[in-house]
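Sequence lines, in order, name chains A and B.
Its first residue numbered 1, the first sequence is counted upward by one per residue in our numbering.
Its first residue numbered 1001, the second sequence is counted upward by one per residue in our numbering.
These aren't lab readings, by the way, just hints derived from the structure by calculation.
Cβ coordinates follow ideal geometry from the N, Cα and C atoms, glycine included.
Worth double-checking, as some hints may not be accurate.
Claimed, not checked - Simulated crosslink set (DSSO-like; lysine-lysine; CA at most 27 Å straight-line):
1) K1077/B - K149/A
2) K1056/B - K56/A
3) K1104/B - K1132/B
4) K149/A - K1074/B
5) K1149/B - K74/A
6) K104/A - K1104/B
To be verified - Beyond 12 Å from chain A on every Cβ pair, some chain B residues (computed):
7) E1031
8) I1035
9) G1037
10) T1039
11) P1082
12) D1085
13) P1098
14) D1107
15) S1131
16) K1133
17) A1135
18) G1138
19) K1149
20) S1152
21) H1156
22) A1166
Protein chains: 2
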Amino acid sequence: MKRIAFLVAVVATVAGVAAFKAPASSPAGDEAAPIYGVTIPPGYRDWSLISVAQLKTDKIDQLRAQVGNEIAIKAYKEGTLPFPDGSIIVAMHWTRVPSEFNNKVLDPAFPGAQSFVVGAPVNIQVMVKDSKKYAATGGWGFGDFKDGKPSSEAVHKACFACHEPAKDHDFVFTHYAP
Amino acid sequence: MKRIAFLVAVVATVAGVAAFKAPASSPAGDEAAPIYGVTIPPGYRDWSLISVAQLKTDKIDQLRAQVGNEIAIKAYKEGTLPFPDGSIIVAMHWTRVPSEFNNKVLDPAFPGAQSFVVGAPVNIQVMVKDSKKYAATGGWGFGDFKDGKPSSEAVHKACFACHEPAKDHDFVFTHYAP
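Chain A on its own, in the form it takes in the complex (with noise of 0.2 Å):
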């Protein structure tokens, strides 16, 4: 009965672990996304701020952050453009979801208040500065990955043509906050 029930602790305590939700923010992976080969930067999650934003649609309810590396942040500072050669810029999105806590904080002082947070995240995407490799799409490689997975080949597909407009900004929708 023993040797049963430590078994059964065993197979329970490995079960546990097989279920442990790795961090829901996509991790540095290995795995490149299709296309353009481009890979999760290590240590983006804490990189510089370059600003925040939020997008609406009939499917999308998201707030979002860019961040970049060092050559990213220093170009944005100093308005270099085209941006230098890599340069990492990663937007992340999460859902857009309402605090109730927050607003029966701040009801008080400003009734009706609609305070808004991020939920869960949804993609990260990385664009890449290699004016050599890329020089078929601006000088920019694009991944997008969920969960630290890299999206289809179909989605790729789309980056750059959606980005083509932007040219004038090197192909970079996302100006410096003040």
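Chain A is fixed; fit chain B onto it per the hints.
Coordinates of chain B only, in the frame set by chain A:
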């Protein structure tokens, strides 16, 4: 005539330099805010992202980001409460404005898309953890700055009372974005 022209040129240059607008974001300033004596921490604009948020009231329509110094970020990642002494959190607030440019780009794929970006900076708010110095207010000192200058004493009188309901999260409203 040459001397007059030279003097005019000098005066014009001096006037031009004097009229140069300081960066809109609050640079590190020496002037301490009332009550708590908090100053703007140098380099905060480059600190790692904690999260992003949106707030709407009858007076406020903002996009917001919170960043933290290394001690604060480490505490967030490890789930450490209370935040250790030396933790500093800075909340940056901007007006929220529609991006007509982005909306035009998005419209074919996402009809009626509403994209919002940051407009002008409104204020920054700083929380500094020092459990001895600020024992009377949960260990936190509060500072509110507009355009690099501390806000009034009246503004600072309100800080802790508003944060008190968040005492189960060490008086901090913002959670770490996953």
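So, going through the hints one by one against the coordinates:
A C-alpha spacing of about 22 Å is found between K1077/B and K149/A, which places the hinted pair at or below 27 Å, so the restraint holds. Between K1056/B and K56/A the alpha-carbon distance is near 16 Å, which keeps this suggested pair within the 27 Å criterion. Straight-line distance between C-alpha atoms of K1104/B and K1132/B comes to about 54 Å, which puts the hinted pair past the 27 Å bound. Between K149/A and K1074/B, the direct Cα distance comes to roughly 26 Å. Compliance with the 27 Å bound is thereby established for this hinted pair.
Using a Cα cut-off of 27 Å, the hinted pair K1149/B and K74/A holds, with the two alpha carbons roughly 26 Å apart. In summary, the hint linking K104/A to K1104/B is not supported, as the alpha carbons are separated by about 37 Å, beyond the 27 Å threshold. Listed as outside the interface, E1031/B is consistent with that label: its C-beta sits roughly 20 Å from the nearest C-beta of chain A, beyond the 12 Å cut-off. At roughly 18 Å from the closest C-beta of chain A, the C-beta of I1035/B stays outside 12 Å, upholding its exclusion from the interface.
At roughly 24 Å, the least C-beta separation between G1037/B and chain A is larger than 12 Å, which holds for a residue marked as non-interface. No Cβ of chain A approaches the Cβ of T1039/B within 12 Å, the least distance being about 20 Å, so the stated non-interface status holds. The claim that P1082/B is not at the interface with chain A holds, since no C-beta of that chain comes within 12 Å of its own (minimum 18 Å). The beta carbon of D1085/B is kept farther than 12 Å from every beta carbon of chain A, the shortest such distance being approximately 22 Å.
The beta carbon of P1098/B sits about 10 Å from the closest Cβ of chain A, which is not more than 12 Å, so the claim that it is off the interface is violated. Here D1107/B does not stay apart from chain A, with its beta-carbon only about 10 Å from theirs, under the 12 Å limit. Once the 12 Å rule is applied to beta carbons, S1131/B is consistent with being away from chain A; the minimum gap is 23 Å. At roughly 25 Å from the closest C-beta of chain A, the C-beta of K1133/B stays outside 12 Å, upholding its exclusion from the interface.
With a cut of 12 Å on Cβ distances, A1135/B stays outside the contact zone with chain A, its closest approach being about 23 Å. The beta carbon of G1138/B is kept farther than 12 Å from every beta carbon of chain A, the shortest such distance being approximately 15 Å. In this structure K1149/B is separated from chain A by more than 12 Å, as the shortest Cβ-Cβ distance comes to about 16 Å. Remark: the non-interface label on S1152/B is consistent with the geometry, its nearest Cβ contact in chain A lying 16 Å away (cut-off 12 Å).
No Cβ of chain A comes within 12 Å of the Cβ of H1156/B; the nearest lies about 15 Å off, and the non-interface call holds. Here A1166/B does not stay apart from chain A, with its beta-carbon only about 7 Å from theirs, under the 12 Å limit.
Checked against the numbered hints given earlier, this structure breaks hints 3, 6, 13, 14, 22; the rest are met.
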